[in-house]
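Chemist: Now for the letters of each chain:
2 protein chains.
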Amino acid sequence: MSAPRSGEFDLIARFFAPLAGPGALGLKDDAALVKPSPGCELVLTADTVIAGVHFREGDPADLIARKALRVNLSDLAAKGARPIGFLHALTLNPGIDDTWLELYARGLGQDAHAYGMPLLGGDTTMSHGPLTITITALGEVPAGEALLRSGARAGDVVYVTGTIGDSALGLACLKGDLLLPREDRAALVERYHLPRPRVDAALRGIANAALDVSDGLVADLGHMAAASQVAIVLDRDAVPLSQAARKAVTKDPRLWERVLAGGDDYEIAFAAPESAAARIVSGVPPITAIGRVGAGSGVTVTVNGTPLALSSTGYRHR
Amino acid sequence: MSAPRSGEFDLIARFFAPLAGPGALGLKDDAALVKPSPGCELVLTADTVIAGVHFREGDPADLIARKALRVNLSDLAAKGARPIGFLHALTLNPGIDDTWLELYARGLGQDAHAYGMPLLGGDTTMSHGPLTITITALGEVPAGEALLRSGARAGDVVYVTGTIGDSALGLACLKGDLLLPREDRAALVERYHLPRPRVDAALRGIANAALDVSDGLVADLGHMAAASQVAIVLDRDAVPLSQAARKAVTKDPRLWERVLAGGDDYEIAFAAPESAAARIVSGVPPITAIGRVGAGSGVTVTVNGTPLALSSTGYRHR
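If you're matching them up, the sequences are chains A and B in order. Letter by letter, the first sequence follows residues 1 to 318 of our numbering. Letter by letter, the second sequence follows residues 1 to 318 of our numbering.
The hints are simulated quantities; they were obtained by calculation from the structure and are not laboratory data. Don't take every hint at face value.
As the list claims (entries may be wrong) - For the chain B half of the interface with chain A, some residues (derived, Cβ under 10 Å), not all of them:
id, residue
1, Lys35
2, Leu44
3, Ala51
4, Asp75
5, His88
6, Leu90
7, Asn93
8, Leu138
9, Ala143
10, His223
11, Gly305
12, Pro307
By construction, the Cβ of each residue, glycine as well, lies at the ideal position given by its N, Cα and C atoms.
Please put together the full structure from these sequences, using the hints given.
Modeler: This is the structure in structure tokens:
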């Protein structure tokens, strides 16, 4: 039911071999060799993205590739890891032609280069299902220094990088659920298509716990609270918004829910002791205090100190 | 278009967390931490298997899981690597229920345990496409000692472990293309469902080049010849066959082509200098000399020293 194998070899040689790093054995050996730097351990993370689930069928091929790589870079960044490389499992279907693949490989190569993240290996397969991309990303951290979800302590301040909600509002624009001025729409849609993994956030030795915001800010803080066995109180109005998102929620406050629960932000939320405040350098990325860790469990969203009811605290893929 | 995220978390906790190894952070942290043993480097390999392409839709769930893991173990074995663990990206669809998943996880756990290959992380997603499994396997080898495809030298002897063609003949039985006595059929079908990755083949320091036979013996020897820039001459009648396969090709010699080109063998083919012959211990797995490396390029199949024409030298997934 699929293309002949020779197609796979041609495809790899033509589109993917140019992205290969030194450990990739030219993508000719069905395996990669990797050695972490002295004193370091490897961080591994895998994410699958599927047409119609995690991106829209008609999204530009280069942006699909770049987003697939960036969501994995975001996971590495949240661990405080330096990117090393990635394995790329791509399942194509008969509807995909060489023009598409060329653009896809160009996007993948662009970000692989920009983030110092060479291709190390993978697999290319065919099915009659939706386009499916599984990227396994490798990074390294000094042994024992990886940031985990589980280290938040009562008394910690909760911070987040960048701005929250742009991607969810961008998707709402794309789906026709939200009408905004042209330049606001463009800014938000760009954030949906192209997350900015916070590989520059230097949080090791500062944060007690960290994770990347992919499922939605409230849901992800919930994961941190659960893993750390603490409660988190989020001050809604402290959540950093872009200019476009600020205008949108000011006009329609119901959009706060999309902002807090929408997901696909790929910012880093972290908890750090109050004593670390002076060492938290806000620049690129900007860093904003948004809440507090206390005893208990779960996440409470407050406005002016008053708890708010959210009808949905998670993130459902559309 | 997919199940709510909460489903994913439940599913991981219920079915996959019990398989997690120490570096997996309880599968709660979106990442795994791995440190190779002192003096070792990591070997990474990824393989995707898809319902209707790499296995049959109705195959038993536990066998699907075990085969998905074993084909990756075979890649590690061919590199001379010791298994460390695996990442597991599973794309489900609405046709899959908890009964199926339970059997799948049981099979995965059985082989993860048997091969000392703990689950380190992964991703679980939903689509309306075919069931798709991408496993990224990690192993380790003493630095610089991984077996590659590219080291074969003129004068080397070519060997293969185990027996060749069983899986391809087993698939032919399943598809109704081949009628065999019941016990022969059962033996061949079992080889199709359950490859035996040759993790015990102790080839480091002996083989100049190695790979696992997945695309078909002739095609894979072609990969070795190309990577090593040599020619390989294969003596067809030296290729080791199981009793069931021997009976089948004796009755119908046209089946030789399926044996040599069918693939899915997951044996290891390797080239070693003649001087190493005494150190090649044939036991478990059995090891058989099947050919010679010379100057030139490509693979020639001979019978009684006379070159044979093969109509297909590769392996096309059905």
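Chemist: Work down the list of hints and note, for each, if the structure agrees.
Modeler: The hints, checked one at a time:
1. Lys35: This hint holds: Lys35/B lies near chain A, its Cβ roughly 4 Å from the closest one there, short of 10 Å.
2. Leu44: holds (5 Å)
3. Ala51: holds (8 Å)
4. Asp75: Hint holds; Asp75/B Cβ to chain A Cβ min 5 Å, cut 10 Å.
5. His88: Check passed: Cβ of His88/B comes within 8 Å of chain A, closer than 10 Å.
6. Leu90: This hint holds: Leu90/B lies near chain A, its Cβ roughly 8 Å from the closest one there, short of 10 Å.
7. Asn93: holds (8 Å)
8. Leu138: With Cβ-Cβ at 8 Å, under 10 Å, it holds.
9. Ala143: Holds - the Cβ of Ala143/B comes within 10 Å of chain A, reaching about 6 Å at its closest.
10. His223: Result: holds, 8 Å to nearest chain A Cβ.
11. Gly305: violated (29 Å)
12. Pro307: With a minimum Cβ separation of about 22 Å from chain A (threshold 10 Å), the hint on Pro307/B is violated.
Checked against the numbered hints above, the structure violates hints 11, 12; every other hint is satisfied.
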